[in-house]
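Number of protein chains: 2
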Amino acid sequence: MNPLVKLAERAREVGQVRVYKKSVERVLSALLKSGDFWEVVDMSDLPVPAASAIVKVLIEEGLAFIDDTEDIRLTQKGMDLVRELGIEPYVDYACGACEGRGIPFYADIEFYREFLQITKDRPKAIRDYDQGSVTPETTVARVLFMDSRGDLRNKDIIVLGAEDDLTGLAVALSRKPRSVLVIDIDKRLIDFDNAIFRELGLDNARAMVWDLRNPFPPEMLGKFDVFVSDPPETLPAFRAFIGRGIATLREEGGVGYFGLTLRDSSVFRWREFQASLTTEFGVAITDIVQDFNDYITWDYHPETRAAEIAPVKRNPKGIWYRSAWYRIEALPGFKRWNEAISDDVFYLDEEGSTT
Amino acid sequence: MNPLVKLAERAREVGQVRVYKKSVERVLSALLKSGDFWEVVDMSDLPVPAASAIVKVLIEEGLAFIDDTEDIRLTQKGMDLVRELGIEPYVDYACGACEGRGIPFYADIEFYREFLQITKDRPKAIRDYDQGSVTPETTVARVLFMDSRGDLRNKDIIVLGAEDDLTGLAVALSRKPRSVLVIDIDKRLIDFDNAIFRELGLDNARAMVWDLRNPFPPEMLGKFDVFVSDPPETLPAFRAFIGRGIATLREEGGVGYFGLTLRDSSVFRWREFQASLTTEFGVAITDIVQDFNDYITWDYHPETRAAEIAPVKRNPKGIWYRSAWYRIEALPGFKRWNEAISDDVFYLDEEGSTT
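Just so you know, the sequences run in chain order A and B.
Counting the first sequence from 1 gives a position; the working numbering is that position plus 49.
Counting the second sequence from 1 gives a position; the working numbering is that position plus 49.
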């Protein structure tokens, strides 16, 4: 039997996570490039508990060790194994100009500058609501992406549960939509947005506090051309954010945007999301751009389950948490889902760890 | 009723195609940017028969006309309509450096140069097999994309029915896979590849003629880590290329790459493909990068159904046919499909037109 299969089996036992041979291979390939655990998570595109379990098993089997700077390094036995299996160091050809997004944030540099200026006193990400802000370059690229797909100008747009990124603010600031409604559970963000809307005279934009676990009232359903969201990756949260986002769409041809990460959910979970989108909800996926969304490491990182289960205590040095940018299109017969959601496993399950 | 809904209904009747309000909106937005029909198809991301039916209906309703240079232009009535509805010109923020792919072809410039040099006498795309070559920049970017996802080095790779793009040749030329098998129905391409493999001493690569309508023999099934393909967009061809590609994968964690276009199939069809991938075939979709693959307009364009049904006779001026680049990952329990396929509607159906 291939030794990676055995290592994957052991990691499944140790971490109670879904990993397979390829997951172990990706961790080894990442370890040939960096000894930093958070960079390894980033390069291997695995949930933190999965990457952590694999590293622990590599150490247990004498294939890796942690040096006194908390770098994870392969032992001679580990090096022999990667050589024998032909595993090579991770390589990255992401475009330096657009940071791999395909759409450079500086394509509208005035807009980028205004967004930076307006948001310099933005509220900090807090743990209560699984917040984590993307970089301003990400937020601006999101808006330009929407514009280049015909989903911005003179559209009625709802941004739901993603305002830690100030995406709704950026959408409104572009001054291109017909109307913008921002809803979020965090009153700090709603107040911040509304103050800026007033200050800049953006009369077509408003923000209001809403807990997405609750169903929308009828007057919110079927009213928008485009929704934007950034859900936690549990199945209940996916329904609450994306199912409810789809329910706000006015008609077929309506469009949804959201981030989904492989850092808090596995490719196994992704398949479930995708099957649900294309069969139950009746939408088509038109774009999945990996590593589009770069997240600034949240201040509360040391308190997260991720930090707790990591094989090292050293904090992340730079950006390590990224998500893919999805665009979906609602087709005739699409489903408007709007049930209540219980609190259980809303933010956290066996694959998630960054809450 | 919104006038676009009525126009969409009429286009459905005229063209016997699946279009909706949004499709009409996209054509109008494109017409504000260009009068060239093929550029309008490109910008509106619609199948040729759909874009053509919409343009014909716009003309019929006095909203557009064809001028004596064969440019499609909006009439005053058409301009009034777009103003009333708030439709604005198509915008494009694609990165100039990587051509919007996220991976720039020049990231390995020596490889790009060698590929250009080696392929300068490549066989031309012919109509018999629905061929159309992508640009060399596209082919090289495909290989770099695979490398950056850990799907190239020391992998056993099969490239099936995509050799008009010389993707298999490029994969072998990278000298990074363990083995490369190229199969294609076109003997000219197979001979071209094998001659170069011999000339360059690429002993781990070989090419052979195969008609993908036929099932693979058992010795081809479950033998590869990665497959690459570029199927025609009919449902039978999708099964023959992608279903059979998945069947060649050795194990869970195996990876597939292929192009899928919205020029020969609608977003409605895409949803069917995606539902089939994630439910029936048991794979997850990890990437969909729109407009990754740029196709050089084929010499036989004037003989295609696309040219026949277009509202103008003028030929395309530049690149207008693009496809998205898909990456999929086979999960535990994935299905190996390997049935025989009949000749009916293999290359062409109501949405396809470029064969």
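It cannot be assumed that every hint is accurate.
Since copy identity is lost for identical chains, a pair holds within one copy or between any two.
Claimed, not checked - 25 Å max Cα-Cα, derived DSS-like pairs, lysine-lysine:
hint, residue 1, residue 2
1, Lys-272, Lys-384
2, Lys-82, Lys-169
3, Lys-272, Lys-169
4, Lys-272, Lys-204
5, Lys-55, Lys-105
6, Lys-173, Lys-362
7, Lys-55, Lys-204
What the hints contain is simulated information worked out from the structure, not anything from laboratory work.
Please flag the earlier hints that this structure goes against, numbers listed from lowest up. 2, 3
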